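K.L.:
Below are the chains, spelled out letter by letter.
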Amino acid sequence: MTNQKVDEIDRSIYDFRYEEDDFYRIQSGLTPEIVEKISEEKHDPEWMKQFRLKCLDIYNRIPVPRWGAPIDGLDMDDIATYVRANTDMKKSWEDVPDDIKDTFEKLGIPQAERAALAGVGAQYDSELVYHNVKDEVAQQGVIYSDLESALTGPHAQMIRDHFMKLVPPNDHKFAALHGAVWSGGSFVYVPPGIKVEIPLQSYFRLNAKGAGQFEHTLIIVDEGADLHFIEGCSAPKYNVANLHAGCVELYVRRGARLRYSTIENWSKNMYNLNTKRALVEDDAVMEWVSGSFGSHVSYLYPTTILKGRNSHCEFTGVTFAGQDQNLDTGAKMIHLGRNTSSFINTKSICKSGGISTYRSSVEIKKSAENAKAAVSCGSLMLDSRSRSDTIPAIVTETDRVDVGHEATIGRISDDAVFYLMARGLSEEDAKAMIVSGFASDVSKELPLEYAAEMNNLIKLEMSIG
Amino acid sequence: MSEPLLQIQDLSAAIEEGELLHQINLEIGPGETHVLMGPNGAGKSTLGHTIMGNPQYRVTGGTIRFDGEDITEMPVDERSRKGIFLSFQNPLEVPGLSVEAFLRSALRARTGKPVRIFQFKKELESVMELLQMDPSYADRDLNAGFSGGEKKKAEILQLLMLSPRLAILDETDSGLDVDAVRTVSAGIREYQKRTGGALLIITHNAAILNALQVDHTHVLVRGRIVADGDGSLIDEIHRDGFEKYIEMGRDMLKET
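For the record, the sequence lines run as chains X and A.
For the first sequence, the working numbering begins at 25 and goes up steadily by one.
For the second sequence, the working numbering begins at 22 and goes up steadily by one.
Calculated directly from the structure, the hints in this document are not laboratory data.
This one's a predicted model, so the numbers in the text were calculated from it and none came from an experiment.
This list has only true hints and no planted wrong ones.
Result set (DSS-like, lysine-lysine): computed pairs, CA atoms no more than 25 angstroms apart in a straight line:
{"no.": "1", "chain 1": "A", "residue 1": "142", "chain 2": "X", "residue 2": "468"}
{"no.": "2", "chain 1": "X", "residue 1": "483", "chain 2": "A", "residue 2": "134"}
{"no.": "3", "chain 1": "A", "residue 1": "214", "chain 2": "A", "residue 2": "142"}
{"no.": "4", "chain 1": "A", "residue 1": "143", "chain 2": "A", "residue 2": "214"}
{"no.": "5", "chain 1": "X", "residue 1": "356", "chain 2": "X", "residue 2": "390"}
{"no.": "6", "chain 1": "X", "residue 1": "390", "chain 2": "X", "residue 2": "331"}
The following block holds chain X by itself, in its conformation from the complex:
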């Protein structure tokens, strides 16, 4: 084992892993042969195969980013290990350690989902739920499927027109890697004027092989349509390989509205280098709700391109960095259209030596007259060992804009903890309630069961270390 292994100190409550299988360590670099093999296994159309190979070429030419949290623990010379490790997961529920089973219990994860989350095989119950939901929305003309099968289905051309057009492979090294080896993920298309009443949840189809490592989400909400899509869940997601380089591309057409919610809780050895981007057209609304938990290192800055006139975006996010975690998260807004508006509201929490960095960028281009942008970020540090940084950038190219920024940073108040304890709450509960309250901007935006899960997750994180 080389430097890809990350020390996991007292992480046993969340994380477990399989014995390293030497079988996958035969080839080290990522070669065209490996990529072709992946393409073949997935029955890609020819264009996708060529696209993957082009991405591989780009990947091999772009250097690893050096500007954020250190990712030295990733051995890029041995990338094949990361790519191949997820291709086969044949372990049984009996192999899952008791403490992980406990965690599922504490988080209130339905029994049906647990095995899938633990990465020990397909879950027929969740598959059933997924199909029911799929059938229900299909009656409205909504397409909701895994991306791989959609590639050869009736919407093949639509996917070809949109796939990695918002996040081009030359964007950064991990986008190129993603393009070369992507696997699994969701495709959603909502036809014009259709309002999808129930939130679609990728939760239902977690059993897809390779989901959660290089998955690609492509959502197109056509003119005047309305969708709430929920990705991920609060349960710790385990992967044999410790690199996650997913990609999310969201197209919000004229007058449409898309809410995209995620609660992510990666196992604490994970390098989470995810790219998410949305394109918003005239009079359309994009809403991000984002909870980032777990992982060893995260780089996550969902980007919204406000292209259309009067388009609007709201980003609400919370990040929780505990021991041995360095989470670099934020959001990016690019205003192109007139009268566009954006609002970023983030909360970050750090404890037990965790590092959380809020990094954002708001760019208001010359064409974006009368644009409005507001950024509000708050940090809560639970002890003096932890660290919180705020790096907000605002660049405007036109004068006729209204831009506001506000940042707060603070320690958890001993007096407030005493106050709640004086009402009978344990110290742990008192702190968890203060932190949950601090993060409530996010939980208030989530459906009830997800909000409850997130609060359970905060409580669990608070009890570690």
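Mind docking chain A on chain X? Use the hints.
P.N.:
Positioned in the frame of chain X, the structure of chain A alone reads:
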């Protein structure tokens, strides 16, 4: 007097800068109403917080017993669950935590049992009505953006919902207008009526005591109890002020 509910013996407490309470002796029997008076900075709040177990204050001598048990070293939350309540002079704001969710969690922590939602809601509604609080306050973040008066009412709301056996009210009446004092006072009477609980009222103001039967009064000066008496002591202090007792405090200081 029956077995005291609260029994403080030779209690001294300090912060880093020095000792604030010196050899306090105080006994409160079940259901009794005590009033603690004294000039500003005498240590009244410190005594309240020390009884509650605020870790900011270090007990340097003596004992606190509650219901026969030595609680001097007991953590705050356990004292609370045993039945001690402290109404804060400056209640803390907890953004994102609703009054209702907070009360439910506190009740669950105290009883160890899940709260019966329907009954709880009915109870909450009726207590809020008694305190002339708008029902919307149940959904508001605990004390966040509340006016001074609203915060004090919210403290009495907690008192009535949590039903402790001993309530320490730390200047619950300060900064309130006449109507609010009347409402808070009605809340305190309701607490006595419902639970028969004991009270230690820290106050400067006779108005809040008007409708209450006071059993004992204590005067605290410079961290020492310099006088004990019955309810009539309150009237005397209101007539003559603390002058005489401040003198007594000086004399006691000289003696030690």
